[in-house]
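Guided by the hints, dock chain B onto chain A, whose structure is given.
From first to last, the protein sequence lines stand for chains A and B. Take any residue in the first sequence, count from 1 to its spot, add 7: that is its number in the numbering used here. Take any residue in the second sequence, count from 1 to its spot, add 14: that is its number in the numbering used here.
Incorrect hints may appear among the rest.
Heads up, simulated SDA-like pairs for lysine to any residue below, C-alpha to C-alpha not over 20 Å straight-line [unchecked claim]:
1) A:K250 / A:L189
2) A:K165 / B:S195
3) B:K71 / B:F260
4) B:K71 / B:T252
5) A:K165 / B:G193
Since the hints were made in silico from the structure, they are not lab data. Everything numeric in this text was worked out from a predicted model, so none of it was measured.
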Amino acid sequence: MTELRLTNVSLSYARRPGFGAAGPATSVLDHVSLGLAPGEFVAVIGRSGSGKTSLLNLAAGFIAPTEGRVTRGSQPITGPGADRAVVFQDDALYPWLSARDNVAFPLRLAGVSRTERRERAGALLHQVGLEREADRAIWELSGGQRQRVGIARALAAKPDFLLMDEPLGALDAMTRERMQELLLEVWRASGAGVLLITHSVDEALFLGTRVIVLAPHPGRIVLDRSFDFSRRFATGETARALKAAPEFIAAREDLIAAIHADEGVAA
Amino acid sequence: MSEQTLAVAPAAGPPIRRLRLSPWLATLLTVAVLLALWLCASSFGWVSPVFLPHPAKVLAAIGKLVTRGYVDGTLFEHATASLGRVFTALAFSILIAVPVGLVIATSPIGRGVLDPLIEFIRPLPPLAYLPLIIIWFGIGEPSKVLVIALAMVAPIAIATAAGVRSASESQVNAARSFGASRLGVLLHVQLPSALPSILTGIRIALGAGWSTLVAAELVAASRGLGFMIQSAAQFLVTDIVIVGIFVISALAFVFEALLRLVERYFVRWSGRH
Chain A
8 MTELRLTNVS LSYARRPGFG AAGPATSVLD HVSLGLAPGE FVAVIGRSGS GKTSLLNLAA
68 GFIAPTEGRV TRGSQPITGP GADRAVVFQD DALYPWLSAR DNVAFPLRLA GVSRTERRER
128 AGALLHQVGL EREADRAIWE LSGGQRQRVG IARALAAKPD FLLMDEPLGA LDAMTRERMQ
188 ELLLEVWRAS GAGVLLITHS VDEALFLGTR VIVLAPHPGR IVLDRSFDFS RRFATGETAR
248 ALKAAPEFIA AREDLIAAIH ADEGVAA
Chain B
15 MSEQTLAVAP AAGPPIRRLR LSPWLATLLT VAVLLALWLC ASSFGWVSPV FLPHPAKVLA
75 AIGKLVTRGY VDGTLFEHAT ASLGRVFTAL AFSILIAVPV GLVIATSPIG RGVLDPLIEF
135 IRPLPPLAYL PLIIIWFGIG EPSKVLVIAL AMVAPIAIAT AAGVRSASES QVNAARSFGA
195 SRLGVLLHVQ LPSALPSILT GIRIALGAGW STLVAAELVA ASRGLGFMIQ SAAQFLVTDI
255 VIVGIFVISA LAFVFEALLR LVERYFVRWS GRH
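Pulled out of the complex, with its shape left as it was, chain B reads as follows:
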């Protein structure tokens, strides 16, 4: 009896488990190790606080930023100023880039006109065209939005054009055989099939928008995360610089996650056909 129990027990009990690293755990560990390294570097004086302030000091800076603010604005005011610019730019670039992408994909002449323009602005670094935009449009809010929007137009237009081409020939022919005009095919078949691709383009464009933010707020801004970082950098207030970087990164992360949710909800059919 006891022999039998012994023989059965290992199989019936929980399987022997080695420590298995899940992706989530790996992420958590990476963050923890980096934070610990930072803590050690500051606590043991490996690096000067001017280069890398103590984590506690950065935390305190967040508190100060939220309540009292820095250079005439609280963290919330700086963040909303930047968010306003990025999303105004996004709205305008979607309004322009989606039709541009549709034209590139459906009209050879349109493609001949617009494709080189898109390819011209696509690789330009924002700091290169910033001076020109300030000369042309002044130092007001429109220039800042325009700088960001210019970085967003190309990825959305290219993604839209690629998405339109993802409609199959028979899907297009089916609509034609049911009497759809060229515009009807575009609106009822090609635009919906391009939606997943357009959403991907918007995700890439938002990334480009955030990376353009600091350049856009370089000249004559009085609010904004990019402005806040630059002001702090001029006076070597490193803790504010670091908070600014973290806040931009956190905002970008949140909106990326939101867009992925939108994707999962609205284009569930994507890739399943």
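The shape of chain A in the complex, shown without the other chains:
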């Protein structure tokens, strides 16, 4: 499997005509370079306006960069593809389908037979702990359950990369902690490279093998560091103990300082 790479990528939007005089283009991302290897878990964090979601949309192929290249190995990425599955903040599920049929949706597009689709969707729902909700309607599920359906749906495509845009952002704190552990399990089981956009410093630290801090206006990388908390969780340390460890707390302070560095405010 080859690496997903953004090389010297810039993204800017021209001012819309009709809103006063044509000003300079708004720069969203400024010369960002980032590689995502298979099996890696990269958490991206930053204030509003730092271009986190744009970064994910570029990697997904939903948008094209103004400058720079997005590549998979030697191949340029020209659009979305089943090798890069996306989990959305607003879950983006299809309410006219049951939980099972939502998960089976990528398989249906891939032309998998009906019986095999049902079977594989059932297994994926089991993996995210929703086997009993398989035939429920989407609007009958809670926010956390819906995100789990979204994750199972993304896994159905057997992607090399999972791109997650604040998937836990709308969940309550308790559900969120359980979902973080689920994300780690899913990541380990699938072997996919994960790009996670998040607002939570704790979440980035706990989940990421690498944490990227973006600064806003224009979006640029100000910190790129590796951490091993997620690997330590995998080897049996509890989430509670890890998040209370002195090195976790120190790392959190570093990240918060990096996030607010250009504000001139001690965080």
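Just chain B, lined up with the frame of chain A:
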């Protein structure tokens, strides 16, 4: 002991209720009052029977219409002729308007071509284009269906286009990321999300269809409720006119109710996401 019972009794007994008007009761009362007014107006001679015949006479007219009929057709035959036209027109307009709406919503060029056409026919009164359609297509059955269908196409197309846009950007992007083509996104995401809106469009279109019925049956019809009403009006047979109006209204009501049932059953998810 008796004191205690007295103190407790009002709370334990049924709560004191004032007469509460439920919506159903309000509807029932409105109909009853209107019927009573009609009965009085006819019984006491407030209005001439030519303008408003006695309710009993209208009831008798229904009986006569069902058994013997009026101008070569029983009530059932007139009703099925009209229903046939309205639903043939509906079938054709759905076949045309849903694809038109999909194109308007998904293709800028398609929108540029079709949107003005839809906006052109949308406000036209059927009586305005009826002569032209008769000149072009003659006085046969196709013209009658076409007149009704023209009134139905615009609401369904506009509702379809609006419905397609109700699919969220991330719902569309999700399908794209799983490898769906533009056609795949349209069929698997945008069309299903448009279904509730399309059903609403069909309800509006049926209303427009019923209001076009009389115009469609104005020329060279020998069956149909609109035709029946016009024939009766020419000879001042007011009771038949009134029966015709009631039957059209009742049919429209029944199909509206059926469509709402379909909505409740097939697009239960609508508005709950």
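Here is how each hint holds up against the structure:
This hinted pair checks out: K250 (chain A) and L189 (chain A) have alpha carbons roughly 16 Å apart, not beyond 20 Å. Between K165 (chain A) and S195 (chain B), the direct Cα distance comes to roughly 19 Å. Compliance with the 20 Å bound is thereby established for this hinted pair. At most 20 Å may separate the alpha-carbon atoms for a hinted pair to count; K71 (chain B) and F260 (chain B) meet this at roughly 14 Å. Our distance criterion of 20 Å between C-alpha atoms is met by K71 (chain B) and T252 (chain B), whose separation comes to about 10 Å.
This hinted pair checks out: K165 (chain A) and G193 (chain B) have alpha carbons roughly 12 Å apart, not beyond 20 Å.
In this structure, none of the earlier numbered hints is contradicted; all agree with it.
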